[in-house]
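Participant: Heads up: the sequence shown at position 511 corresponds to 1846 in my numbering, and the numbers run straight through without jumps.
Please note that a few of the clues may not be correct.
[Claimed, not checked] Below, computed lysine-lysine pairings styled on PhoX-like, alpha-carbon distance capped at 25 Å: (1) Lys1706 <-> Lys1807; (2) Lys1372 <-> Lys1341; (3) Lys1456 <-> Lys1385; (4) Lys1807 <-> Lys1533; (5) Lys1533 <-> Lys1729; (6) Lys1372 <-> Lys1456; (7) Lys1533 <-> Lys1372; (8) Lys1663 <-> Lys1800; (9) Lys1706 <-> Lys1844.
For the record, the hints were derived by calculation from the structure and aren't laboratory data. From a predicted model like this one, the values you see are computed outputs, not experimental measurements.
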Amino acid sequence: MAVVSKEWHAQGIDDVMRELAVTHEGLTSQEAQERLKKYGYNELIAKKRKSALSMFLDEFKDIFILLLIAATILSGIIGYYEVMTGEAEGFMEAMADAIIIGAIVIMVAVTGFIQEYRAEKAVEAMKRLTAPKARVLRDGEEKIIPAKEIVPGDILILEAGDRVPADARIIEAIELKANEAILTGESAPVNKSVLPAKVDAPISERHNMLFTATHVVYGRGKAAVTTTGMNTEFGKIAEMVQTAEEEETPLQKKLDKFASKIAKVVVAVCVIIFALEAFEVAASGVLNIEGFIQAFMSSISLAISAVPEGLPAIVTVTLALGAREFAKRNALVRKLSSAESLGAVTVICSDKTGTITKGEMTVRQLYVDGKFLEVTGVGYEPKGECKLDGAPLKVEGDAELLLRIGALCNNSQLRKKDEENCWEVLGDPTEGALIVVAEKAGFSREEWDEVYPRIREIPFTSERKRMTTVHKTPENDVVAYVKGAPEVILERCTHILENGKETKLTQVKRDKILMVNEQLAGNALRVLAMAYKRLPATIEKLDDETIENDLVFVGLQGMIDPPREEAIQANKTCQKAGIRAVMITGDHKLTAVAVAKEVGIFKEGDLVLTGPELAQLSDAEFEQQVEKVSVYARVLPEQKLKIVNAWKKKGHIVAMTGDGVNDAPAVKAADVGVAMGITGTDVTKEASDIILTDDNFATIVKAVEQGRVIYDNIRKYARFLIACNFDELLVIGSFAIL
1336 MAVVSKEWHA QGIDDVMREL AVTHEGLTSQ EAQERLKKYG YNELIAKKRK SALSMFLDEF
1396 KDIFILLLIA ATILSGIIGY YEVMTGEAEG FMEAMADAII IGAIVIMVAV TGFIQEYRAE
1456 KAVEAMKRLT APKARVLRDG EEKIIPAKEI VPGDILILEA GDRVPADARI IEAIELKANE
1516 AILTGESAPV NKSVLPAKVD APISERHNML FTATHVVYGR GKAAVTTTGM NTEFGKIAEM
1576 VQTAEEEETP LQKKLDKFAS KIAKVVVAVC VIIFALEAFE VAASGVLNIE GFIQAFMSSI
1636 SLAISAVPEG LPAIVTVTLA LGAREFAKRN ALVRKLSSAE SLGAVTVICS DKTGTITKGE
1696 MTVRQLYVDG KFLEVTGVGY EPKGECKLDG APLKVEGDAE LLLRIGALCN NSQLRKKDEE
1756 NCWEVLGDPT EGALIVVAEK AGFSREEWDE VYPRIREIPF TSERKRMTTV HKTPENDVVA
1816 YVKGAPEVIL ERCTHILENG KETKLTQVKR DKILMVNEQL AGNALRVLAM AYKRLPATIE
1876 KLDDETIEND LVFVGLQGMI DPPREEAIQA NKTCQKAGIR AVMITGDHKL TAVAVAKEVG
1936 IFKEGDLVLT GPELAQLSDA EFEQQVEKVS VYARVLPEQK LKIVNAWKKK GHIVAMTGDG
1996 VNDAPAVKAA DVGVAMGITG TDVTKEASDI ILTDDNFATI VKAVEQGRVI YDNIRKYARF
2056 LIACNFDELL VIGSFAIL
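Sequences are here, hints too, so could you generate the full structure?
Facilitator: Dropping the structure here:
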């Protein structure tokens, strides 16, 4: 039983607490027990899976397998007949055929069984992502309880490092941030608050909610549990993963049709041959039972010769060899048939963050002293430079101060991994980008930390939209460095730094900066403003408000998670091959379109749909538009599934990429599900057919090319076998008639 669904994110704290019938002291133990009986355990429920024996027997329902089984039985009948007639050589030949065909049947069945058995573990992987314990308020006291005993109305106590055990409405937030990548696919931490959100806000914009299996990465807070178990957003995804239907691959469909045709032809020809021979026996005027038996055995021999028994083995071996080639191209095949399916793919639905892009925020533009500076390089590797009008520029003066503020008013770290030229950011990706751009300009964050030691911090909150750090300077002065949303910072600035001089920030200058901010934001850049303030040596008596007023504006930094350099060429390859690439992301519409344009996915005349817009369309209306839409933004897990199914209904073979749990239902439902090997969750990997070890869009395209080679090879083998069997059929049939 579940709590009646409510728009918890759109309600105030008092309304939520009243609806849940709980106080800030939490539930009593008795209330918790009563609710546990009413709502059940807070756990994911896996549907009863088939037994191993049932799965294995299902493999023998395939038409081609049934045809081979029939051939095995018929070979056995011939062997028995040969024994009865004293033909030892014929017996050995017939039994050898029966054993070989039987072995092929067992090999194909076992291979299919292993793949299906492995594919049923997605929900088990989801269970491993849930919190085992939870800290709650019960009877007015803090208690640690098994997470499965949490009920609607429980008050959760959370801090940095905790995994959220149930969906909950935040009632207290102190600098609270959560990583919701597991649900939204976006890696940037989300600032949380207690304020109500819009009724139609998607999950990614419900800043007053915490969701099952997400992580608190900063701050602390309290939240009232609203839903548990299968009724949580995480639980809904588990339900979709279990109900997503998998279809036969294009090759399997063709083999089934082929087997059906062979069966009909074999039966027809056998009946004709038997009828002709039987007529000949009957025409002799002598009742000859042995002649009728011989006629029957001839027709059976003809039937066996018509069956291309080697085809399943050749298909399996070809796919296995193809899987080895995939591995060399950074693609691990979990389901052999998908290696062939990739060759037939006509649509690739790809996530943006981490697949088309590297998932690494990168500063692209600086605005300082009334000039725009371009920044080269992609990702966290500090390789690149600043340019002015296309020419390399030595960064100094006001531009150096702009970078210094960004690097020092910062709680993240940039470090090199063990691998060559592989860098990572510990902390917020946005702050990481500010450190990287300073390193690109030739400055060292570590050296600046020593020269400008931090002595105080006023942390960022979603309400304040700014962060301030106070530092000692080499001259033993004190200075405050401030970064934040441009409109917020500008409100607190009275002066502007222009070519090394502090001048009054007039309304004209203020309007120009806001116009530049809109221009950068219009290019889908995330913009931060930088400012400073000189402070007296004794700052102990200064409050936060005093420190953050009367600031001097320095400039703007605009950043984005840019597309991988190889993604642009990969999309061109897709277009040449007749494959349509579609971007599906949880990011903002403007950002998604900007990246899609740069890669070449979005072209003039294409449509963009957001999650709320898609929700307004019926299935029929959406199916009419689906081939016109190149970019989807702010979509929900069930909408990703809807997109995949709409393309499939149009007759397309769809590949779907994903990394987060939110992608799992669509990945499983696609003709070819592709999971990310580096950033992908175990859930998505378990639901997938192929895993990319480098998380690269270009790898998918290479895999499609290899899939087409495999498909072509199988088709050639099939034609060869059919030709051989047809010749054999003609020879045996001719002898039988003559």
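Participant: Between Lys1807 and Lys1533, does the CA-CA distance stay at or below 25 Å?
Facilitator: Violated, at roughly 43 Å.
Participant: Given the hinted pair Lys1533 and Lys1372, is their Cα-Cα distance within 25 Å?
Facilitator: Cα-Cα ~33 Å, so violated.
Participant: Are Lys1533 and Lys1729 close enough, with their CA atoms no more than 25 Å apart?
Facilitator: 46 Å, violated
Participant: Compare the distance between the alpha carbons of Lys1706 and Lys1844 with 25 Å, and conclude whether the hinted pair is satisfied.
Facilitator: 13 Å, holds
Participant: Sort out whether Lys1807 lies within 25 Å of Lys1706, counting only the CA atoms.
Facilitator: Outside the cut-off at roughly 29 Å; violated.
Participant: With the threshold set at 25 Å, check whether the alpha-carbon distance from Lys1372 to Lys1341 stays at or below it.
Facilitator: It holds: about 21 Å lies between the C-alpha atoms, which stays within 25 Å.
Participant: If you draw a straight line from the CA of Lys1456 to the CA of Lys1385, is it 25 Å or shorter?
Facilitator: 12 Å, holds
Participant: Keeping to a limit of 25 Å between CA atoms, is the pair of Lys1372 and Lys1456 held or broken?
Facilitator: 29 Å, violated
Participant: Between Lys1663 and Lys1800, is the straight-line Cα distance small enough, at 25 Å or below?
Facilitator: It is violated: about 47 Å lies between the C-alpha atoms, which goes past 25 Å.
Against the hints set out earlier in the document, violations occur for numbers 1, 4, 5, 6, 7 and 8.
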